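*Asks:* Each chain, letter by letter, is given below.
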Amino acid sequence: MSELPNESKYVSAAELIERLFTEILATEEFDAEIVALTKQHLGISSPHSKAGANLSDALIELANKRAEEKK
Amino acid sequence: MTWIVKKITIQGIKGVLNRSGDFELSKKGKPKSIAVFGRNAYGKSGYADAIEYLFSIDGEVEHLGKGSADSEQGGKHALPHVLATEKGIVPQVSADFIDINTGETVSITRLVTTGRNDIRPSELNVLLEKAPAYRVLRQHDLRHFVVDMTPGQKFEEFARWIGLKSATTVLKHLTTVEGTLRDTSVDREINERIRSIQEHTLGAVNIFDVSLILSWCSAEISKQLGQVFSLARVEEIENAIAALRARREALVGQVRIAKTSLESVASEFVNPGGYIKRLSENFEMALIIEKKRDELKGKAKESIFQEVWGASKSFLENHAVENCPICQTPWNATVVGSQETAIVSLHSSLMTLSELTTQDSELQQNIQLIKGLLQQFETRLTEIASYAKTISLPDVQSKSDELHARTVFYQQNLVSIIKSESSLISLLNDCQELVQKIIPSAIEQIKTDSTSNSTDDIDLLISHLQGLNESIGRLETLTQQQNSIRNVEIEFGKIADKIRSETKKVADNAVEALKEDVQKIYKKIHPGEAVPNVFIRLNTEEKTLSIRVNFHSNERVVPPGGYLSEAQINTLGLALFLSSVRLFNKEFPFIFLDDIVSSYDADNRARIVDVLAEDMNEFQIFLTTHDERFYSHLRGRLESEDWTFERISSYNFENGPRRESDNLRPEQINELIAQGDEKIAGNAVRQYMEDWFDTMCEKYWVYTPHKKGIREYKRTLFDYWEPFVSRLSSVKAEFGKYILDSNAYKRLQGGLMPIINYYSHNQTNPYEWAAMGDVQYIWVEFQKFADLFRCASCKKLLQYDFNDKKFYCTCGSTILPSTASEEAKPKDG
Chain P
1 MSELPNESKY
11 VSAAELIERL
21 FTEILATEEF
31 DAEIVALTKQ
41 HLGISSPHSK
51 AGANLSDALI
61 ELANKRAEEK
71 K
Chain W
1001 MTWIVKKITI
1011 QGIKGVLNRS
1021 GDFELSKKGK
1031 PKSIAVFGRN
1041 AYGKSGYADA
1051 IEYLFSIDGE
1061 VEHLGKGSAD
1071 SEQGGKHALP
1081 HVLATEKGIV
1091 PQVSADFIDI
1101 NTGETVSITR
1111 LVTTGRNDIR
1121 PSELNVLLEK
1131 APAYRVLRQH
1141 DLRHFVVDMT
1151 PGQKFEEFAR
1161 WIGLKSATTV
1171 LKHLTTVEGT
1181 LRDTSVDREI
1191 NERIRSIQEH
1201 TLGAVNIFDV
1211 SLILSWCSAE
1221 ISKQLGQVFS
1231 LARVEEIENA
1241 IAALRARREA
1251 LVGQVRIAKT
1261 SLESVASEFV
1271 NPGGYIKRLS
1281 ENFEMALIIE
1291 KKRDELKGKA
1301 KESIFQEVWG
1311 ASKSFLENHA
1321 VENCPICQTP
1331 WNATVVGSQE
1341 TAIVSLHSSL
1351 MTLSELTTQD
1361 SELQQNIQLI
1371 KGLLQQFETR
1381 LTEIASYAKT
1391 ISLPDVQSKS
1401 DELHARTVFY
1411 QQNLVSIIKS
1421 ESSLISLLND
1431 CQELVQKIIP
1441 SAIEQIKTDS
1451 TSNSTDDIDL
1461 LISHLQGLNE
1471 SIGRLETLTQ
1481 QQNSIRNVEI
1491 EFGKIADKIR
1501 SETKKVADNA
1511 VEALKEDVQK
1521 IYKKIHPGEA
1531 VPNVFIRLNT
1541 EEKTLSIRVN
1551 FHSNERVVPP
1561 GGYLSEAQIN
1571 TLGLALFLSS
1581 VRLFNKEFPF
1591 IFLDDIVSSY
1601 DADNRARIVD
1611 VLAEDMNEFQ
1621 IFLTTHDERF
1631 YSHLRGRLES
1641 EDWTFERISS
1651 YNFENGPRRE
1661 SDNLRPEQIN
1671 ELIAQGDEKI
1681 AGNAVRQYME
1691 DWFDTMCEKY
1701 WVYTPHKKGI
1711 REYKRTLFDY
1721 WEPFVSRLSS
1731 VKAEFGKYIL
1741 DSNAYKRLQG
1751 GLMPIINYYS
1761 HNQTNPYEWA
1771 AMGDVQYIWV
1781 EFQKFADLFR
1791 CASCKKLLQY
1801 DFNDKKFYCT
1811 CGSTILPSTA
1821 SEEAKPKDG
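In the order they appear, the protein sequences are chains P and W. Mapping the first sequence onto this note's numbering, position 70 (from 1) lands on 70, and the numbers just tick up by one. Position in the second sequence (from 1) plus 1000 gives the number in this note's numbering.
Simulated from the structure, these hints should not be mistaken for lab results. Be careful, since some hints might not be right.
Claimed, not checked - Which chain W residues stay away from chain P? Per the calculated CB distances, all over 10 Å, these:
| hint | residue |
| --- | --- |
| 1 | H1077 |
| 2 | T1180 |
| 3 | N1191 |
What the hints assert, rightly or not - Here are the simulated BS3-like pairs of lysine-lysine, each with C-alpha atoms no more than 30 Å apart in a straight line:
| hint | chain 1 | residue 1 | chain 2 | residue 2 |
| --- | --- | --- | --- | --- |
| 4 | P | K39 | W | K1277 |
| 5 | W | K1087 | P | K39 |
| 6 | W | K1494 | P | K70 |
| 7 | W | K1165 | P | K65 |
Given the structure is predicted, the values throughout are model-derived calculations rather than measurements. Virtual Cβ for every residue (Gly too), placed ideally from N, Cα, C.
Turn these sequences into a full structure, and let the hints guide you.
*Replies:* Here you go:
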């Protein structure tokens, strides 16, 4: 029997997106709130056609909120 | 999760009407593969079309084309059987799927729709999203991915395999977000605010530097307040504004006072007893006095003789003389004519002189009065000028200053001016104009709450300070926002970069894994050749994927088309297909291979069988072929696996393909022998013998050493032969002896068995093939041997009683022939 190609070497893009948000980006190296917003808009199987614009709005809102909090 | 196809049912599609469309593809929950042999035009590809249609996302079967009016392809209209409507059969393909791990099942029926709106049943997406690589491969597809597809199409296909399409969508959104964040800037408003600061500091400060701004403010505030005022913090600007307002209010009060005072002073000039009238009257008086004085001075031109006259008068009044005592002229010879007249004349002259003295005194008094008035005049004009300055009445101030200068001049030159008579009148007239016209007019224009340059300056400064305060506050907010946006942009950029690099890594890894696997499979099919190094180049930016190979040199990297042979290109295509499903379709390992070996020679076909047996053994394969040799190899190699082998024995337009289970029959082997291909015929004989022994071993309780399982294809005839003979040796009565004494047994035992095993799939030396004569001879002898196990009386297969260790027939008659010469003959040949 021949083994199938090494699974650890290859993951599908869907698996990657799952891993990105649960492992790779879930570290202190990355801004948790921004990661959460990115996941909310892009970390789904079929992102909305305006997901980019919606995420931009959410990030700008976050930036303004943070600016207010610093005052 | 691993899904398998449990059952497929096809009806009304292509050559399949309502029969021969059912395929059971699992047994006891395990997947079964199937190979279907059939000649050309026996309806094999109809099965491929039906299954491609079942899985197609939009109902398109690629090789049928779109079926447009100017196309030579029939499109989807070619899918339904042309008699389906007439026969009342709804063209459709149904399939049952089962997840062998969880037992979950999915059943789908897809009716053939020739319209455009033909969306794949959503239930299928669960399976196909997990197994995105294309799963139906036909002969003409082999070179398709390698040569025919453009790099862009290859990328699309590859992107679909690894789900890169959704990843590229994510990457596209990342770019959108980065662009939006980059363009989301409050720079414009910051610049506007900095311009505002520049305006409010009158160009002194042109950057957002709070200390510079506060420094400018401090200097300006100090200037207006007339005292040092230092701003240390922005919050203190409000205090400064309050101080400036207070200062302004004070200034406004001063203006009111100045205005009132100005009006009061002005009134002093024009009152009934005012300066102008008094000066005018006194000056008038002075002029009269001066005039009278002039007259008196005319009369008293001899006034130098006043003392003489006084002495003469006194003398003449007391002494009568005939001659003038001064000139001794007789009185009658003088002008006066007599002493009495002279006395009268002297008296008159003395009186005139006395009046002149009085007038001089009056004039001096008048001049002093005028000078006093002019002094007051001068003082008042100075006050007017001062008040005018306080409340910013430049016309009044300048006129007052001018009149003041003229007044001083008049004071200093009053005596001579009196003599000129008109100059003071001019001054008074101008003063009158000042207090009666210019001042009232100017006062009229003064507003109550903003009455001077000073208050205007303060108001302007307050306005600047308010503007600066607002701009500084806003700029601090904007700067915070800007910094916050930039921070979010930077943090998001890190996330986006990570997603990009990980996606690229996944794609590169997939490409690398694909490349390795492709080369491995290629090498297996072309073992004797130098395996070209295959380069699969993925460009996620340009969305292209290209395939290149080395051609007889590591430096010569060329496209496969035009350099590799057709077989090599086909192998590359086959390897790509098989590798793609091995990599990407593990969770639904089902493929359909439709006549894929037409362009290969016998050796290559055998190696493709090896690939299917060894590298695709975890896949459920539906294979069709018209190639007897390939089919035979496949069957020889995989018949004991979970494979079903079928033949399409005939095809009828109304009834469709006629499928038969492919247990070889003696007449089929005879036909193969007649066809003259010793390899195919030899292999068929071997398979038949293995099948026979397998069945008989089980029937007669013979324990064979080979095991069922993944390596079962390695069984040989010897695995059956020796145990079978051993069983015969142990049976009671004479049956064993009867068999072992037979010529057929002896010939097989004596050397034919090893020869026929050359056709075993376990054959290691491909050059040791037996000749057709050997095959035919073995076949005859084997049939004689097999016939020994039939009842001599009724020809039924003998039974075996395990407990009694004896063979018998259900007919109850004797099972052995009456004489050895009656040894059973084969039915045929």
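*Asks:* Compare the structure with each hint and give your call.
*Replies:* Checked hints:
Every CB of chain P is more than 10 Å from the CB of H1077 of chain W (nearest about 32 Å), matching its label as outside the interface. Not every CB of chain P is more than 10 Å from the CB of T1180 of chain W (nearest about 4 Å), against its label as outside the interface. Listed as a non-interface residue, N1191 of chain W keeps its Cβ farther than 10 Å from every Cβ of chain P; the least gap is roughly 18 Å. Simply put, K39 of chain P and K1277 of chain W have alpha-carbon atoms about 98 Å apart, too far for the 30 Å limit, and the pair is violated.
Between the alpha carbons of K1087 of chain W and K39 of chain P the distance comes to roughly 55 Å, so the proposed pair goes past 30 Å and is violated. Among the hinted pairs, K1494 of chain W with K70 of chain P is consistent with the structure: their alpha-carbon atoms are about 23 Å apart, no more than 30 Å. A C-alpha spacing of about 34 Å is found between K1165 of chain W and K65 of chain P, which places the hinted pair above 30 Å, so the restraint is violated.
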